[in-house]
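Asks: Each chain is listed here by its residues.
Protein chains: 2
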Amino acid sequence: MSAGWFRRRFLPGGPLPAPRPPRPRSSPVPYRRPRFLRGSGSGPGTADAPRRPDVRPVRSPARGRALPWNAGYAEIINAEKSEFNEDQAACGQLCIRRCEFGAEEDQEWLTSCPEEFLTGHYWALFDGHGGPAAAILAANTLHSCLRRQLEAVVEGMVATQPPMHLSGHSICPSDPQFVEEKGIRAEDLVIGALESAFQECDEVIGRELEASGQVGGCTALVAVSLQGKLYVANAGDSRAILVRKDEVRPLSSEFTPETERQRIQQLAFVYPELLAGEFTRLEFPRRLKGDDLGQKVLFRDYHMRGWSYKCVEKSDLKYPLIHGQGRQARLLGTLAVSRGLGDHQLRVLDTNIQLKPFLLSVPQVTVLDVDQLELQEEDVVVMATDGLWDVLSNEQVARLVRSFLPGNREDPHRFSELAQMLIHSTQGKDDGLTEEGQVSYDDISVFVIPLHSQGQRSSGH
Amino acid sequence: MSAGWFRRRFLPGGPLPAPRPPRPRSSPVPYRRPRFLRGSGSGPGTADAPRRPDVRPVRSPARGRALPWNAGYAEIINAEKSEFNEDQAACGQLCIRRCEFGAEEDQEWLTSCPEEFLTGHYWALFDGHGGPAAAILAANTLHSCLRRQLEAVVEGMVATQPPMHLSGHSICPSDPQFVEEKGIRAEDLVIGALESAFQECDEVIGRELEASGQVGGCTALVAVSLQGKLYVANAGDSRAILVRKDEVRPLSSEFTPETERQRIQQLAFVYPELLAGEFTRLEFPRRLKGDDLGQKVLFRDYHMRGWSYKCVEKSDLKYPLIHGQGRQARLLGTLAVSRGLGDHQLRVLDTNIQLKPFLLSVPQVTVLDVDQLELQEEDVVVMATDGLWDVLSNEQVARLVRSFLPGNREDPHRFSELAQMLIHSTQGKDDGLTEEGQVSYDDISVFVIPLHSQGQRSSGH
Chain V
1 MSAGWFRRRF LPGGPLPAPR PPRPRSSPVP YRRPRFLRGS GSGPGTADAP
51 RRPDVRPVRS PARGRALPWN AGYAEIINAE KSEFNEDQAA CGQLCIRRCE
101 FGAEEDQEWL TSCPEEFLTG HYWALFDGHG GPAAAILAAN TLHSCLRRQL
151 EAVVEGMVAT QPPMHLSGHS ICPSDPQFVE EKGIRAEDLV IGALESAFQE
201 CDEVIGRELE ASGQVGGCTA LVAVSLQGKL YVANAGDSRA ILVRKDEVRP
251 LSSEFTPETE RQRIQQLAFV YPELLAGEFT RLEFPRRLKG DDLGQKVLFR
301 DYHMRGWSYK CVEKSDLKYP LIHGQGRQAR LLGTLAVSRG LGDHQLRVLD
351 TNIQLKPFLL SVPQVTVLDV DQLELQEEDV VVMATDGLWD VLSNEQVARL
401 VRSFLPGNRE DPHRFSELAQ MLIHSTQGKD DGLTEEGQVS YDDISVFVIP
451 LHSQGQRSSG H
Chain D
1 MSAGWFRRRF LPGGPLPAPR PPRPRSSPVP YRRPRFLRGS GSGPGTADAP
51 RRPDVRPVRS PARGRALPWN AGYAEIINAE KSEFNEDQAA CGQLCIRRCE
101 FGAEEDQEWL TSCPEEFLTG HYWALFDGHG GPAAAILAAN TLHSCLRRQL
151 EAVVEGMVAT QPPMHLSGHS ICPSDPQFVE EKGIRAEDLV IGALESAFQE
201 CDEVIGRELE ASGQVGGCTA LVAVSLQGKL YVANAGDSRA ILVRKDEVRP
251 LSSEFTPETE RQRIQQLAFV YPELLAGEFT RLEFPRRLKG DDLGQKVLFR
301 DYHMRGWSYK CVEKSDLKYP LIHGQGRQAR LLGTLAVSRG LGDHQLRVLD
351 TNIQLKPFLL SVPQVTVLDV DQLELQEEDV VVMATDGLWD VLSNEQVARL
401 VRSFLPGNRE DPHRFSELAQ MLIHSTQGKD DGLTEEGQVS YDDISVFVIP
451 LHSQGQRSSG H
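Chains as they are written, first to last, in the UniProt record's numbering: chain V, 1 to 461; chain D, 1 to 461.
A portion of the hints provided could be inaccurate.
The list treats identical chains as one, so a pair stands whether inside a single copy or across any two.
Calculated pairs, SDA-like style, for lysine to any residue (alpha carbon to alpha carbon, straight line, at most 20 Å) [said to hold, decoys possible]:
hint	residue 1	residue 2
1	Lys318	Glu273
2	Lys229	Glu155
3	Lys289	Cys172
4	Lys289	His165
5	Lys356	Tyr302
These are calculated hints, taken from the structure and not from any lab test.
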């Protein structure tokens, strides 16, 4: 990982904290009212903030020239579920080298971005569990993996159509036609690079955690703006939405034991040994008891979207592979998410049953063609960890965005303040925004990314 | 299977034809202009029709009283790809017994539908390959399987909320709450019954084909109207759409080697022995050759939606698990669909490699809440095999529906004529309806199901 790739890293990337025992994500913890400090908006580590400020404004540094894309504004709140913040974030400019310079990996080649670079922007949120170690590693690593993966295919990305052969000659005269027929476009290489970067980062985290004797995992939500498009890659239960004047569009979907039930049950069907005889892969409305034996009860298996009835046998009384409902649903009684990074060592309590084969590091990538949108000044992308979405719906967030931005057009800090305000509205102020004044007790991170800019193309190619 | 369940079966269900060697679906066959006879609209086996009429109007028999739902009108054309029509259809009233009568399976209990029955309607299209045997078996069997599966859960279907325990007492006082929290509704039992019925029918077909030394498979598209909802279950590449005045809504999606690439590649990743060292599971823009060795070429694997480059190794030169593009895409070089019934014996030519583990019998079920639609008289569902959709888009079919129906309101046969007209428009008349006057050389079957009726609820409970 070459230093300096990021113009700025906003969140602690220093020495990792000492090893801590894993704790399942969202497991019940004694409630402590989160400390909430209004960010001054003047940048990270504000004067009135404590050593580890609970609210940490994250802002792209002013660089003298206008960035083609505003770099986004974030707020993070530590609900003090753990000593260190389990939410981590990163953002910055993404510079992809377009030609080989040799092995000068460590040169400070980022000072300026000449024509040889394809530039974009990167935002990422990582929601850790079992300690902050994986989230910190991901915040320090994933952008490097992504840059490497993009540089490996950049030649194809900047071509009108990705060539069948990279750095080589077409062997079959109709190769371009085959590529055309498959509909392979430059954006598919970015999607592939994001998918590979998540996998590579997961491997790095696995090695680093093992080497340092640490544990933990994290979700990952990444947005990348490149060549006029916004790519959103998600592995976990964070969420990104597009908010415009007349539109709210989800840019990601959540991966939880409930949303991925069929994939998880099927894996257990294919490899029953993964359950070590301790769990049943079948889903029932509740955990079955001895009294249910012999009765016909509602159930479903991996190939079913619908429900049916089955006669309860003894093996059905085992603990369910996926148990609980909604926010309480757990994979193997342990984990509330089904995709993410890390957790290589995570096992079901007091057993040797591993979570990892069920837990995937593969993200789902969606593409927003920003150049095709007729952007308005108030069009934004809101990215946030689950703490926000537990309390606010997409529509509620959109309402807050629309009520806040137009009245604050002159305020240069309005996007940052909007991010603060979104977090603020989850902290139990009964302002009628959340249903029944719901309160979030979770760490929360929010990015607000304004899409409007003078020149919409963010790439320098 | 109790006789008489169907009020009428419209398509030949007699002795199955003699065993014929399997032929891969949509494999190139010498083109013969399909015989096309205008149906007289007077019912099956019209006077002027040949022994096996190529166009076979299928119509629900008049029964003295108005059916709550019109039963739909179908046209089928045999493109003479095979001696017997590989397209088969079935439709009729569905009577689900609500209480146990004992073992009187064979009594003619269908003469009237008293209160003890839940009634609905059933339409099904089966597009056979490797001969018509599987399609004929499916047309003769699937409705019986479905009836049986529905009768097994009917007690739950007619309850306000399906009970946790069928035919038993609630064991835990909060059982209804668990069911409620899972959001389990009566329609989930119908979905589950459809899923189970497809599986059961697939097993029956496997046994019957083996016993009679026959081979073949078929796609299956089923629509069921029950309790004010329309259920569409699909396994294969047939399609159903809803056409209304201002709306065209797909009610199914196709299952082909292309649409199911990731599932199929993943199965090969999990069980590499299924490929017997003869195929590569990776996707490339074309089949690789010796000249590609050592080059970096575009590829993707099971976990990728995007594309990347890889250095070509010798094993990449094997025949691809999924090869070809669009209509030409084939699973293991053999089959153009990835879901369907039958094909238990189907192997890759001259090998022992089976198609079946990659080929699923599980349907995808979608639900249309007909009672919630403000139905107009011209609202219809169009179900058809791929021969129609190869030539006409959803929008083109919708345009034909909208241009035909309003001007023919007085014609009692208009839905039948519309089905005829849809097929007619695929037969090379350059009427500007299809792009560049495209022609279908495939068997085609079409159901047109009018949704409008006086009383929308089709169930008699």
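Asks: With reference to the structure, classify each hint as holding or not holding.
Replies: Going through the hints against the structure:
1. For the identical chains of this complex, Lys318 and Glu273 are intra-copy neighbours only, at 14 Å inside a copy versus 32 Å across copies, given an alpha-carbon limit of 20 Å.
2. Taking identical chains as interchangeable, the C-alpha atoms of Lys229 and Glu155 lie at most 20 Å apart only when both belong to the same chain, with a minimum of 18 Å there against 52 Å between chains.
3. In this assembly of identical chains, Lys289 and Cys172 lie within 20 Å of each other by CA distance solely across copies; the values are 9 Å between and 64 Å within a copy.
4. Proximity of Lys289 to His165 under the C-alpha cut-off of 20 Å is restricted to the inter-copy arrangement: shortest distance 13 Å between copies versus 60 Å within a copy.
5. Taking the shortest Cα distances, Lys356 and Tyr302 sit within 20 Å of each other both inside one copy (19 Å) and across copies (18 Å).
When held up to the earlier numbered hints, the structure conflicts with none and fits them all.
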